[in-house]
Amino acid sequence: MADPKMINLTIEGRAVSVPAGTSILEAAKTAGVLIPHYCYHPGLPVAGVCRMCLVEVEKAPKLAPSCATAVADGQVVHVHSPKALEARKGVLEMLLINHPLDCPICDQAGECELQDYTYQEGRAEGRLREGKRFNPVEDFGGDVMYVANRCILCTRCVRFMDDVAQDAALNVSERGDRALIGKFEGKDLTHPWAGNVIDLCPVGALLSKDSLNKVRAWEVDRTASVCPGCSQGCNMIVETRDNLVVRLRPRANEEVNHFFMCDQGRLDYRWMNRQDRVEYPMVRRGDALAVTEWEGAVAEAAALLKGKRAFVLASPGLPNEALFLLSRLVKKTGGAGAFRVRQGDEAPLPGVNDLARRADLAPNGRGAELFGLARANAPLAGLQAGDVLVVADEELAGLDAPDVARAGAIVVIGTTLPAWARHAATVVLPITNVVEEEGTFTNLRGRVQRFRQARSGPGFSRPSWAVAADLLAALGESANYLLASEVFDALAAAHSEFAGMSYEALGLKGALVAGAGTGAVA
Amino acid sequence: MGYPHKPHDREMPVLSKYFGDAGAISLDGWKQRGGYAALRKALGMAPTEITAIVKESGLRGRGGAGFPTGVKWSFMKLDDGKPHYLCCNADESEPGTFKDREIMRWTPHALIEGCAIGAYAIGAETCYVYIRGEFTEPIARMEAALREAYAAGILGPNAMGSGKTVNVYVHRGAGAYICGEETALMNSIEGRRGNPRIKPPFPAVAGVFGMPTTINNVETLAAVPHILNNGADWYRKIGRADNPKSTGTKLFSVCGNVQRPGNYEVPLGFPFKDFLYDLCGGPLPGRRFKAIIPGGISVPIQTVDEAEASFMDYEGFVEHGTMLGSGGVIVIDDHQNLVKQIARAARFFAHESCAQCTQCREGTGWTTRILERIVAGDGTSEDLDTLLEIADNMTGKTICVLSDSCAVPVVTGIGKFRGDFEALIKTKATVMVPAVV
Amino acid sequence: MSADAPADAPHAAHGAPHTPVFVGQARAELDELGKRYPTKRALLLPALWMVQHARGWISEEAMAEVAEVLELTPAYVKGVVSFYTMYHQHPVGKHFIQVCTTSPCAVCGAEDVRDAFLRHTGCEALGVTSADGKYTVIEVECLGACGFATPVMINEDFLESVTPEKVPDILAGLK
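Residue numbers (this note's numbering), protein chains in the order written: chain A, 128 to 649; chain B, 642 to 1078; chain C, 577 to 751.
Calculated directly from the structure, the hints in this document are not laboratory data.
Only a predicted model underlies this, so the values are computations on that prediction, with no experimental measurement involved.
Each residue gets a CB set at the ideal place from its N, CA and C atoms; glycine is no exception.
It is possible that some hints are incorrect.
Residues from chain A shown here face chain C by an in silico Cβ test under 7 Å; the list is partial [what the hints assert, rightly or not]:
id: 1; residue: 310
id: 2; residue: 311
id: 3; residue: 314
id: 4; residue: 317
Straight-line C-alpha distance at most 20 Å; calculated SDA-like pairs for lysine to any residue [as the list claims (entries may be wrong)]:
id: 5; chain 1: C; residue 1: 611; chain 2: B; residue 2: 810
id: 6; chain 1: B; residue 1: 840; chain 2: A; residue 2: 188
id: 7; chain 1: B; residue 1: 658; chain 2: B; residue 2: 875
id: 8; chain 1: B; residue 1: 696; chain 2: B; residue 2: 670
id: 9; chain 1: A; residue 1: 259; chain 2: B; residue 2: 1056
When you get a sec, could you build the whole thing from the sequences and use the hints?
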C-alpha cells in the first residue's frame, strides 16, 4: 500500500504535516497543542456534540469542530484566537448552568476536565439566576454510579457501550435540557469491560463505587505498570496513596489494550496490599521456621541445592527477569522447571481487535515458556525423588501430595507463607510482588512490556529477580546484578527472542519478541 | 381558512388547484385531472434528462433552505452501484407552516407522482415519505393513495409498465420537530433518535442507511410533475421578471392575527404588502399589525415596515432582514405581548432540542427561563445583554440550526422591539404594551 | 403504522403483566413492513406505533419485547421511545387531548382553549389524568395547522379551529 498522502497546514503558527484524513484535533496534538474537548476520544467514534473543540480556520465562515474536521492543505488554524476562546467560554458557561458546582465533594475533582478547562478559560462567575435542574444519583450496576447532575451529555459512555463493548446498555434519554444518560431497569452495567465508562467520563458523572469517596486525585502517586490479571497484559497505571494501591486504571497502548482494561483487572488490587506477608528470610529449625539474615538463608538454600537437581515450580506471574534466572538455576543443577496457569473464561472486548480478558489468568506464561519452563496441568510430574523443590511464588494447593512428597527439600521463594510451607519448607526467601518491584512480562502475543515499582515491599523482602540472582551466585554462577535492567540485558544476550531489547528500547509500549509474528498465535 | 375556499384572483393555483376538491383525492379522480402523465413521460426519459429540466426550471427547495433542486439531484452518482434513496420530507413542523399537509390531504397522488419521478431521476428504487406523526389524516390519505397506486401498477417492480422499480412508502414520525432536519429525518427512518448528523458526509454521499440519498420537501416534489408537463420555460417565467433566482409558484401558509388565515399560492416575488392586506384581508378589526414572521418561526421577525417593503421570494425577504424559510407567515398584532410570544417560541425550541450540542441543549432552556422570568415581571436590565450573549453563543456553533433558530426571535425581537422588553422590565409586571409601529 | 388504526385502543394498566404484542397477525404485519427497509432497526418506529395502538402506551416490558424482536437492546429502545413525544411511557386517559399552544396558536387564544379543556374534563393539571381515567390534557408543540387555530388532537382525531366555546360539545361527542 502506498504511503498516505501527507497534508501540510499551520496550527497556532506551527507547521504541521499529517496524513490525509487526520482531524485538526489530532493534528494539533502532534504540534503539542491540546485543543480542549469533551466528547471526542480517540478510542470512540466521533460525535461532535460537545462543541468545545471549536477552532477558527482561516477563510471558513464558521468555527470548525476540530474533532470532526479533517485537515486540508494550507489550512491556517487558530486554537486560541479571541473568537475560538469566546466560543469555548460560552460552552463552558452552558455546561455549568445546570451543574451543581460541587467539586469539594466530587471524586473527579483534581482530574476533571470541566474543572480544568473552566479554570483555564471559563468565566469567573456564572450568570444563571434561575434554579438548576435536578436528577437523583443512580446505581448503574457493576462498579458504576451515575451522578446525573454533573453529566455534560458528551455520550462517551453511550458510544463505548454501543460501539466498543457492543452491548448498548446505556442510552441518552429524553430531549433538550431534560436529557440524561439512562439504562434499562433490570439491565445493569455488568459487561466485563463496562468499568471503562468511568475513565472515559471527562467529569464526575460516572464514578467507581469501589473507590467512591476514597481517592482524591491530588493525593495519589501514579506508576506505569502492566496488569497481572491475565495474559493480555493490558497497560495500566497503579495509583498509590501512603504506600497502598488504591486504584488501577488503564494506560493507553494501541498495540495491546487501546485505552481500556477489564473490570476484573481493574478491581483486583486488594491482594497487592496484603498485610500477611513474609517479611523475613526463614530457615527450618526443628519443627519451626526461624527468622534469619538474608546471607544465611541464601547460603542454606544453596547448600541444599549442592549436588542436587533443582526442580523449579514457578509462577507465571513472575517477571521475565526472575524466570530467566530460575531457568539458569534449572540448567546449573541439571534439573527441570514447570508452571501451570489458572484458567478463567475469556471475555473479549468486541470493538477492539485482539483484546480480551484471556483464559490464561497470569501475565507471563509466554515468558515462562520462552525460558524453557514446561507448561503443565500437573507440573510436578517430572519431580524426581530427592530433587530440591523450589516453589517460586506459587501455590501447592491442588497438586498431588505424593508428587510433593518426592521432594528432598523445599525452598520457598514467595510473597506469603502458605500453611503447608510452615511445616514443609526448609528455607523461605521473601520476595516483593508485582507492584513492589520492576520487571517485564511477555504477553500472549509475545509483547515484552515493562512495569515499574509503585510501592515499597514489606520488611526485608527483596525483588524476585534479586533473590534468584543471589541463589545463583551462591552456587558459583556469575549473577551479580544490581538492577533489574542488568538482568534484562543478560536475558536479552542469552535468549535470541529478546535480542536487541533493553529497558530503554522497550519504553512504555513494549516490543515484540523475535518471531512473535503479528498476533497470529491463537 | 378551511377548504373548500375560493382562491383569490391574484393567486396562481398550480399545486393548490384541487385543494378542497374531494374528487381529486382518488386515483381515478387524479387521472381525470391529468395525473400521472408526467410520471409516464418521465419513465420514458433518461434520469439525467429529468434532472436537467428541473435544473433549468429554477425550482428551489421549498422546505426552508432554498437549494436548487436539480443541482441537488445532480449530486447523486448514478453509476456507483449502490442503492439510492429519496426521502420526502413531510415532517412539516415549522410553526406557522401547514401547506404540505394540504397537499397530502387533497392531492396525495400529486405527491406520489412527484416522489416517483424524483426517485427515478436520482436512481433510487425506494422513496420514504416521512410524515410527522400528528398528521393522522394526511397519513391515512397517503396510505390509501399508495394502495391505489400499487394496485394499479403505477408503483412497484414494473412501474407503469416501464420495467423500472419505484417504491414509495410512508414512514410515520412520532413527535419531534427536529426530524424535519434532513439528517435527523434519516436517523429517524433508521430507527434512531432524531439527532442531526455532522456534515460531511453529505446525504448525497452517505445518507439514509449509509447510502446516497436525496431529501426533498413535499411542495418541491409536488411541483416536479407540473414542470415536466408544462416545461422548464413555463416554470422559469413565473416570478419577478427582475429576479431570475426565484422561479415558480409558492404556497404560503398564513396564520395569527389576520382576517383570512389559510394557504395561498402566489408566484414568487409577489408583493408582501398586497399579500397581507389584499389576499389575507389585513388586520382584525380595530387592530394593527405589529410584527411579521414570514417564513416559519425560525426566521427573523420583521417590523411591519420591513414586511410591507418585501417581495415574497428568496432574495426579496433577505433584502428586508429575514428569509423566505418554509413560507409560514405568522402575523402578530398590537394586542399581543410580543415578549411573551418570543418566550413561547423559545420554549418551543427548548422542548424540541435533540440534546446533542451543548449550546442548544442548555441555551434553549436557559433562554426560555430568562424570558419567562421577564414576562413574569422579574426581569432586570442586564437580562437583555445576557440574552443577546447567550444567543450569540448559540449561533453558528452547532451541528444543525435549531440552536440558531431559537436565537433568532430573541435577537431580532430585542433588536427591533427593545422597547417592549424594557417596558416589561421597568413596570415589573405582565402588561399589554401599546404598539410602537 | 397506519393512522386509521383503532382510535381508542384498550389501555393496558400500569404494572399489569405484559402479553406479547408481536404474535400472529401483528408479527406477520411487522415482517411485511420489514420488506420496506434494509435493516431491522428501521422497524423500530413502526413497531412502537403498533405497540401503542395495541396497548395504549409503551411499557418497559413492551420495550423489552420490541428490543428482542428487532435484535436491539432494551436500553436502546428506551432511548428512542423517550425521544419521540407521541409515544406514551405511561398510561394516559381514554381520551388523550393535545392542545397546540405554540406561538401561532398562542396569539389566537390557544391558552384559553387549553384552560377550557382542563376545566371541562376535571383534569387537575396538564398531564394529570382525570380521576375517572377518561381524560388527559396536555399542551403540544405546533400541530402544523396554524391557520386553523386552535388545532386539537384527541387520540388520532385532528380537530381544527377549536374555540373555548366549542369544548363542551366536543367532549360530549367523545365516546
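Against the structure, the hints:
no. : hint           : in the structure
1   : 310            : holds (5 Å)
2   : 311            : holds (4 Å)
3   : 314            : holds (6 Å)
4   : 317            : violated (13 Å)
5   : C:611 / B:810  : holds (11 Å)
6   : B:840 / A:188  : holds (15 Å)
7   : B:658 / B:875  : holds (17 Å)
8   : B:696 / B:670  : violated (30 Å)
9   : A:259 / B:1056 : violated (29 Å)
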